[in-house]
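Chemist: Please construct the entire structure, taking both the sequences and the accompanying hints into account.
Those protein sequence lines, which keep their order, are chains Y and G.
With the first letter of the first sequence counted as 1, position 12 gets the number 12 in my numbering; the numbers rise by one all the way through.
Take any residue in the second sequence, count from 1 to its spot, add 1000: that is its number in my numbering.
These are computed hints drawn from the structure, not numbers from a lab.
Note that beta-carbon positions come from the ideal geometry of N, C-alpha and C, so glycine has one too.
Take these hints with a grain of salt, some might be off.
To be verified - One-sided excerpt, in silico: chain G residues whose CB lies under 10 angstroms from chain Y:
(1) N1025
(2) Q1027
(3) F1029
(4) P1030
(5) P1057
(6) T1082
(7) T1084
(8) N1085
(9) K1086
(10) K1195
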Amino acid sequence: MKTNLYTAVFLIMIAATNRLNAQSISYTYEHDDPFDIKNFSATIDPFFIDVNGHNGYSFGWGARAEFMAGKRLLVNFDMRTGFGTNLYRKSNENTRNYFNMEGGLGLVLVNRMKRKNVPIILSQTTSGNTKTTVYIKGGVPANCRFLFALRGGFLQYTNSLNYEKIADSLLTFNDITYREAKTGNVFKDTISDLGTDIAQVGGIYIPAVYAGLQFRRIRNLLIDVSGWGYRGNMMYSDFYVDVLFAPLIGIKDFKNPDGTTYKVKHQETTNLGWRLGWFLRKPKDQGFSFKLEIGSRPGFKAPKNTNVPVNKSNMYCMMTFGLYIPLKIKPFYDGE
Amino acid sequence: MKKNVTTFCLLLLATLTKAQTVGMNCQYFPGLQVGFVSVKATNNAQFSKYRFGAATPLLMIDRITNRWYVNMDFNALYYAATQTNKANDDRIKISKAEGGLYAGRVGYMFGEKDDFRFGVNGNIGFLTSNLDSIDRPLKQRGYINYGLGVLAYKKIGKFRAVAKVGYELYRKKNFITKGSGFYLEGTLGYSFFQKYGLSVMPCFYSKKFDYIPLAEKSAGTMTEAKGKVRSFVLRVGLTKFF
Chain Y
1 MKTNLYTAVF LIMIAATNRL NAQSISYTYE HDDPFDIKNF SATIDPFFID
51 VNGHNGYSFG WGARAEFMAG KRLLVNFDMR TGFGTNLYRK SNENTRNYFN
101 MEGGLGLVLV NRMKRKNVPI ILSQTTSGNT KTTVYIKGGV PANCRFLFAL
151 RGGFLQYTNS LNYEKIADSL LTFNDITYRE AKTGNVFKDT ISDLGTDIAQ
201 VGGIYIPAVY AGLQFRRIRN LLIDVSGWGY RGNMMYSDFY VDVLFAPLIG
251 IKDFKNPDGT TYKVKHQETT NLGWRLGWFL RKPKDQGFSF KLEIGSRPGF
301 KAPKNTNVPV NKSNMYCMMT FGLYIPLKIK PFYDGE
Chain G
1001 MKKNVTTFCL LLLATLTKAQ TVGMNCQYFP GLQVGFVSVK ATNNAQFSKY
1051 RFGAATPLLM IDRITNRWYV NMDFNALYYA ATQTNKANDD RIKISKAEGG
1101 LYAGRVGYMF GEKDDFRFGV NGNIGFLTSN LDSIDRPLKQ RGYINYGLGV
1151 LAYKKIGKFR AVAKVGYELY RKKNFITKGS GFYLEGTLGY SFFQKYGLSV
1201 MPCFYSKKFD YIPLAEKSAG TMTEAKGKVR SFVLRVGLTK FF
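Modeler: Written out as structure tokens, the structure is:
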């Protein structure tokens, strides 16, 4: 037994030594220039999904573009329209389809390159529930480009609105609270003899301006690792934080089949919102680009009796992806 | 062993390097199409014939490189998804879902010249055709397809052309008892700006089925009907040229 134990320990030690030896690897640089990139990308997104407090969820298609228009200027555009907007089908009159369009500029304040070690994955295997990843220990020195920019732009958003998710004491229909309206004739089809219930849904429109900070990282490293082949660390990613200001929170008027139009208002609104976003693509090659955004849209104020001043009805999480076309386009503003 | 691996890597690298100059990638992700689909049935109590314009949105990739041909087809699934707003409100007269819910082809290309390749491919997937005159795309029944095809690629000046022919069999328990069909597809691509451009893809599909209509299946009588689906479409979309 003791001999077996020693043998096992010895074998483990040999295995560990071999693993250490595996890290004694050599590599040559194929390219490592984060300035050698395609500065424009255009994407048609076949699918996005926006999970939100207004109507639950919306999905559809979109189009995006981003452009490094020079050393000092960034341009971005994003449009999405729903083909699967939850609750939209509930009414031909009162709801709105999901639509979001925004465009903006960024002024680059920092555009620098630094040499630092980046991780390189040599192999990744999965056996059962165990995933084994072999890295080059300590990483590989690479040129990493970093941009910091101030950004701002315009945004407009429409969607269907589920009244049931809004505080029923603050939402009013011609000055009747939603709480009272639910028991009256506002949501009854009094034209038909059956007096059927009408879906308690509406539409919302938010035009806004946004301003924030943008952090872009670009890595364009490809190495030839002896015995492993080509491995790389290529990344063109954005992280941004924005504050949104909406001068108007437009809730669509509610129309009953009897012809009565009710002005819908929320008694306590907030003009401010916020969002965090990530965007990812490759610096030079074509591929899929992803964008993820979470935040809180301007809209309804949080109830006063809550500890955290966040209204869940304004919250959203959006993810979109598409095959982008990267192009090298002559910059037109260097800011110098 | 290490020598073999190195040699293999070098050969693979040579193949990939060559792939930069031959082929094109039709990225209909999404793309558009126009055309028509006609469905004829005999011994079906619900209908005998109808015809409709092809669904407009596409989601497919058709990629030819130096050695490999890959096709991924989600056209019917994507069309169904794009109709969600309308379909649940009974605003669709007839479902236009035709083709791949999730289907694919993989082929190998032969030839050494930069301007010509010839290849063979295998097809497998899950397709749908509106054999039940259904108006909700996501309610349509699907069937398995498998088959073989041949294709040829030619570079003519600034144009790239592809021709594809194939034969497929269709099966699905309690739906398709016997089915077969063929397709003819062509592609003409032109690069406008930095390796990117547009391509048009005229396609003709002919399918024959012995099938059990949904009404018969629901009633439990399982009486078979015969169906013919023919479609001619012209697809357009963004394309990358290698």
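Chemist: So, for every hint listed, does it hold in this structure?
Modeler: Here is what the structure says about each hint:
no. : hint  : in the structure
1   : N1025 : 8 angstroms, holds
2   : Q1027 : 5 angstroms, holds
3   : F1029 : 5 angstroms, holds
4   : P1030 : 5 angstroms, holds
5   : P1057 : 8 angstroms, holds
6   : T1082 : 4 angstroms, holds
7   : T1084 : 4 angstroms, holds
8   : N1085 : 6 angstroms, holds
9   : K1086 : 8 angstroms, holds
10  : K1195 : 9 angstroms, holds
When the structure is compared with the earlier hints, no violation turns up for any of them.
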